[in-house]
Amino acid sequence: MTARLRYRKFVSGFMLGMTGLAAFITVAVLFFILGYLVYHGGTSINWNFFTKLPTPVGEDGGGMANAIVGSAKLLLLASIIGVPVGFLGGRVSCRIQRRHHRLHRALRRRLAERRALHRHRNLCLRPGGAALQTLFDRRRLFRASADDDPHHAAQHRTIPASRARLRCAKAPWPWAPANGKPSPP
Amino acid sequence: MSGSRSFLSKLREGDEIARIITFIFASTVVLVTLLLVFELWHGSSLARHKFGFSFFVTSVWDPIEGQFGALPFIYGTLVTAFLALAISVPLGIGAAIFLAELAPQKIPIRCNFLSTCWPRYPASSTACWVFSRSCRSCGSSFSPSSRPRWVFCRSSAVRRMALDFSTAGIVLAIMVIPYIVSVSREVLLSVPRDQREAALALGSTRWESTWKVVVPFARTGIMGSIFLALARALGETMAVTMVIGNTPTISASLFSPGYSIAAVIANEFSEATGDLYLQSLIELGLVLFILTFVLNGLARLLIVLTAQRGSEMGRT
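Quick mapping for you: the protein sequence lines, in order, are chains A and B.
Counting from 1, position 181 in the first sequence corresponds to residue 181 in my numbering; the numbering is continuous, with no gaps.
Counting from 1, position 217 in the second sequence corresponds to residue 217 in my numbering; the numbering is continuous, with no gaps.
Please keep in mind that the hints were generated in silico from the structure rather than gathered at the bench.
It is possible that part of the hints are untrue.
[Said to hold, decoys possible] Some residues of chain A that are not near chain B, with every Cβ distance over 10 Å (derived): (1) M18; (2) V69; (3) L77.
[Said to hold, decoys possible] Covered by chain B, per the in silico footprint, the following chain A stretches (three or more residues, Cβ under 8 Å): (4) 8 to 14; (5) 21 to 32; (6) 90 to 100.
Cβ coordinates follow ideal geometry from the N, Cα and C atoms, glycine included.
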């Protein structure tokens, strides 16, 4: 194991540990506050709390019925108004977005084709093009099929590393034979 | 299709009616926003004419003399929001990565439930906890101190939380973390499995595959979650009002009391006397709207400018 690999493994373990710590902290805070509320507020929860009105200051007893009913009424009213408007508004905005998206996608695909073509020419026509291309593919593997069309990549599975390499090797462009082989007609 | 049938026949079949109803509801969403802006603009005319642009740059808030300046409130809102983000973004994204990539299979199922119900968790309960913490001096008085210090009580030795920017930032951070965690986790989970496999097959470590492949792929969605959190932090009222200290001053220290726009509106709107005072508060509402609008616009711009190919999928 080289020092470089050891360092990388250390970084990996350390950072993963930190993410675990972050998750722990966030969940711990939640449970702490929840526990605090239950511990300090749980004792005053009883039947009267939900059914009685508040008593004047200084008097014992009473409850929070008005606030609870008020919250429920508020929720009901807000839902009656908000749900239809939000639902139908969302439907329309979704349709508009989809139309917009279709246009965008076509445009992006054209651009991606353009770019791929230029890149391929540049790489293959230079001396040592094949080697460069291998390097380039290696760097590009992660986004292998996202290159063609990002939306397509999101919808369908991308190509695993091994097959992506094969695809690049098997489909040379007609005017730029890879590895010195004659190009297919 | 639409050309072949007359408007009346479409109306009879109900298509057109449904379309009109949907359109009315959809336009309601836009119209309500416009109406809101108009009302804020119209309702603050007196203050706008009197103070003009100096409303944004003066820091005097004196209802008795009738002098109003919004600078301390804008400052407080921005400071608390960004402090909250500074705390919650590393924690939230770290937790999301852990839950999406590493956690054993059974944990995420439970955390899923937690992370869906946690955002509904009322902010005021968090603030209640902090407030009761800050008011609990050593059995003497019920006055929140404005200076943080370590208090060693008989019962507990805890840092007594003061009512200041840092406390407000922490409370806001606690409130916005769930948004970041739940949205980022969903986005990270929707990254195709092959992306990870490709990175691992090339010999990257687990962290490298996560950080250099999965996270960039999901970056747009993660940024979306952060901006959702920012919007929430800017507009949060009650929790901030309880812990920020309610003093309209500007000071570089995070351990000094301040004020935020939402807090001052909540505190003073019902007790405002006189038109100018009321209209200044309404103008503060307008300022908050503009602030949120501008920050969200900048966020959109940032996403568009830094968008990479391959990271489109998480777009919200």
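So, going through the hints one by one against the coordinates:
A beta-carbon of chain B comes within 10 Å of the beta-carbon of M18/A; the shortest separation is about 6 Å. Look at V69/A: its CB is around 17 Å from the nearest CB on chain B, clear of 10 Å, so calling it non-interface holds up. The Cβ of L77/A sits about 16 Å from the closest Cβ of chain B, beyond the 10 Å cut-off, so the non-interface label holds. Residues of the stretch 8 to 14 of chain A with a Cβ under 8 Å from some Cβ of chain B number 5, which satisfies the need for three, so the listed coverage holds.
Only residues whose beta carbon comes within less than 8 Å of a beta carbon in chain B count, and the stretch 21 to 32 of chain A has 8; three or more means the coverage holds. Against chain B, the stretch 90 to 100 of chain A contributes 3 residues with a C-beta closer than 8 Å to a partner C-beta. That satisfies the three-residue criterion, and the hint holds.
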